[in-house]
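J.: As a plain string of letters, each chain reads:
Protein chains: 2
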Amino acid sequence: MALPAPQPCIILVRPQLVENIGAVARAMLNCGLTELRLVAPRDGWPIASAAQAAPPHAPMPDCIAERLFAAASGADMVLRQAQVFPDLPTALADLHFIYATSARDHAMVKPWSTPRTAMPMVQQRLQQAARVGILFGPERTGLTHEDMTYANEAICIPTNPAFSSLNLAQAVLVLGYEWHHTLDAPPKPRALPSRPCTQGELHGLFNRLEHELDTAGFFTTPELRPTLVRNLRHALQRAQLTDQEVRTWHGVVTALAEGPKRRKVQP
Amino acid sequence: MALPAPQPCIILVRPQLVENIGAVARAMLNCGLTELRLVAPRDGWPIASAAQAAPPHAPMPDCIAERLFAAASGADMVLRQAQVFPDLPTALADLHFIYATSARDHAMVKPWSTPRTAMPMVQQRLQQAARVGILFGPERTGLTHEDMTYANEAICIPTNPAFSSLNLAQAVLVLGYEWHHTLDAPPKPRALPSRPCTQGELHGLFNRLEHELDTAGFFTTPELRPTLVRNLRHALQRAQLTDQEVRTWHGVVTALAEGPKRRKVQP
Numbered sequence: 000m001a002l003p004a005p006q007p008c009i010i011l012v013r014p015q016l017v018e019n020i021g022a023v024a025r026a027m028l029n030c031g032l033t034e035l036r037l038v039a040p041r042d043g044w045p046i047a048s049a050a051q052a053a054p055p056h057a058p059m060p061d062c063i064a065e066r067l068f069a070a071a072s073g074a075d076m077v078l079r080q081a082q083v084f085p086d087l088p089t090a091l092a093d094l095h096f097i098y099a100t101s102a103r104d105h106a107m108v109k110p111w112s113t114p115r116t117a118m119p120m121v122q123q124r125l126q127q128a129a130r131v132g133i134l135f136g137p138e139r140t141g142l143t144h145e146d147m148t149y150a151n152e153a154i155c156i157p158t159n160p161a162f163s164s165l166n167l168a169q170a171v172l173v174l175g176y177e178w179h180h181t182l183d184a185p186p187k188p189r190a191l192p193s194r195p196c197t198q199g200e201l202h203g204l205f206n207r208l209e210h211e212l213d214t215a216g217f218f219t220t221p222e223l224r225p226t227l228v229r230n231l232r233h234a235l236q237r238a239q240l241t242d243q244e245v246r247t248w249h250g251v252v253t254a255l256a257e258g259p260k261r262r263k264v265q266p
Numbered sequence: 000m001a002l003p004a005p006q007p008c009i010i011l012v013r014p015q016l017v018e019n020i021g022a023v024a025r026a027m028l029n030c031g032l033t034e035l036r037l038v039a040p041r042d043g044w045p046i047a048s049a050a051q052a053a054p055p056h057a058p059m060p061d062c063i064a065e066r067l068f069a070a071a072s073g074a075d076m077v078l079r080q081a082q083v084f085p086d087l088p089t090a091l092a093d094l095h096f097i098y099a100t101s102a103r104d105h106a107m108v109k110p111w112s113t114p115r116t117a118m119p120m121v122q123q124r125l126q127q128a129a130r131v132g133i134l135f136g137p138e139r140t141g142l143t144h145e146d147m148t149y150a151n152e153a154i155c156i157p158t159n160p161a162f163s164s165l166n167l168a169q170a171v172l173v174l175g176y177e178w179h180h181t182l183d184a185p186p187k188p189r190a191l192p193s194r195p196c197t198q199g200e201l202h203g204l205f206n207r208l209e210h211e212l213d214t215a216g217f218f219t220t221p222e223l224r225p226t227l228v229r230n231l232r233h234a235l236q237r238a239q240l241t242d243q244e245v246r247t248w249h250g251v252v253t254a255l256a257e258g259p260k261r262r263k264v265q266p
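In order, the protein sequence lines correspond to chains A and B. Throughout the first sequence, residue numbering follows numbering that gives the first Met the number 0, covering 0 to 266 in sequence. Throughout the second sequence, residue numbering follows numbering that gives the first Met the number 0, covering 0 to 266 in sequence.
Take these hints with a grain of salt, some might be off.
Chain B regions said to be covered by chain A (calculated; three or more residues, Cβ under 8 Å) [unchecked claim]:
1) 26 to 32
2) 67 to 79
3) 87 to 95
4) 143 to 149
5) 171 to 179
6) 205 to 216
7) 246 to 253
Calculated from the structure, these hints are not laboratory results. We put the beta carbon where it would ideally sit given N, CA and C, even for glycine.
Isolated chain A, as found in the complex (with noise of 0.2 Å):
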């Protein structure tokens, strides 16, 4: 798997639920992020990384890291690679920009932005070999106004302003789909199951079908002809057809205009 470095790190801050953080790293592996730090986690970390030969935290029982494991659904790396660290200032101490992810007011003079404009300005740093950090603070309470104090910009995602909490794993999708857009990798086209249709090959089949009405009697109020014409070609261009389905819609005409009789008289 070749994903596209460099990329941003997820910092979730005292993280409370092992299921949230498997979440998480299900999130940010959707998005093709890999790097994770927790800060202080309330129920400790099962696996100590090999950054960290002396890892800051307690053990994680076993019977919770199997809820973790199971929450993360196959997005195991993201944990094994994970990085912990016992508060904010040293799992910053690295990075050259952070964001902090909120939905509060904290009446500080920051600057704010949504996820959709700050993830171009993510982009362009990363690609200005900065390392970029992205907060997320702890599901109850959210971050603090001291944790924000480490952060050089605010990101809010935009919400229903009576409903507006996002579940932890949540908002990091949001963050991470934002940031996989920025990859400006537009959509690879989906190899088709057969051709469009030429405008020769529709014709032909508005020919067809257009004789076969005029021998069943379909339009019996002649003025009307043209509009009632005009209105199946339009719904035959909209419908946007193949060769093969043209050619099946071909067969479609034949089988009611001749009916039962003529299969009847085959074998």
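Fit chain B to the known structure of chain A by using the hints.
T.: For chain B alone, coordinates are given in the frame of chain A:
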């Protein structure tokens, strides 16, 4: 709480885990969405909504309902207003436009878009007084090939190709988030010459056409019938017919099926 109306409805097809349904309700309300429909939820449903005097579902055991509401984190109103349906066609009958979310390539000919490009179109449809539904498949398998035939368009959420499977509530959140973004600048509606057909009207056309094709002996190879029927339905979904056009196409099928014989006996 004054929510902007109208809005798309979120349709969970055969959802399995109540934790996910609860998380969907929370994610919806975060984005200001409140219209939830459930098609054959695995564990039944606890609430008989006012709109459904005889709810078509098994009762959900209390111990499971507790997990459902816990996962919703206060978005109870979305759950209490949810409507439950026994199958997909019934759930869609009164809607006009259906979008299906899928990570898989269904090898079908149907327009594909991303949430970012699709949601402004959804908003435009809503401004034209159309009712829009967005389908989400079961957790393990996603939507089936047959489910996809009930949609006009498909939406693919751009994710890491090496780890693309989003949690159900995460997928709903991305769509809701993009929809919420369209609230900032709703595109100007353009008046339509006639209203879009409902899915129920379209299903009626499907049934009529397929019945006549059966009568006419169109499906000479029985094992190919499902594929052919799917292709015909996909083409008609793409055409996004109006109610007037559905009536016209009924007339087309009737005229072709009955042929000139019937007309000849008329004076």
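J.: Give a verdict on every hint.
T.: Each hint, compared with the structure:
1. 26 to 32: holds (count 5)
2. 67 to 79: holds (count 3)
3. 87 to 95: violated (count 0)
4. 143 to 149: violated (count 0)
5. 171 to 179: holds (count 4)
6. 205 to 216: holds (count 6)
7. 246 to 253: holds (count 5)
Checked against the numbered hints given earlier, the structure breaks hints 3 and 4 and satisfies all the rest.
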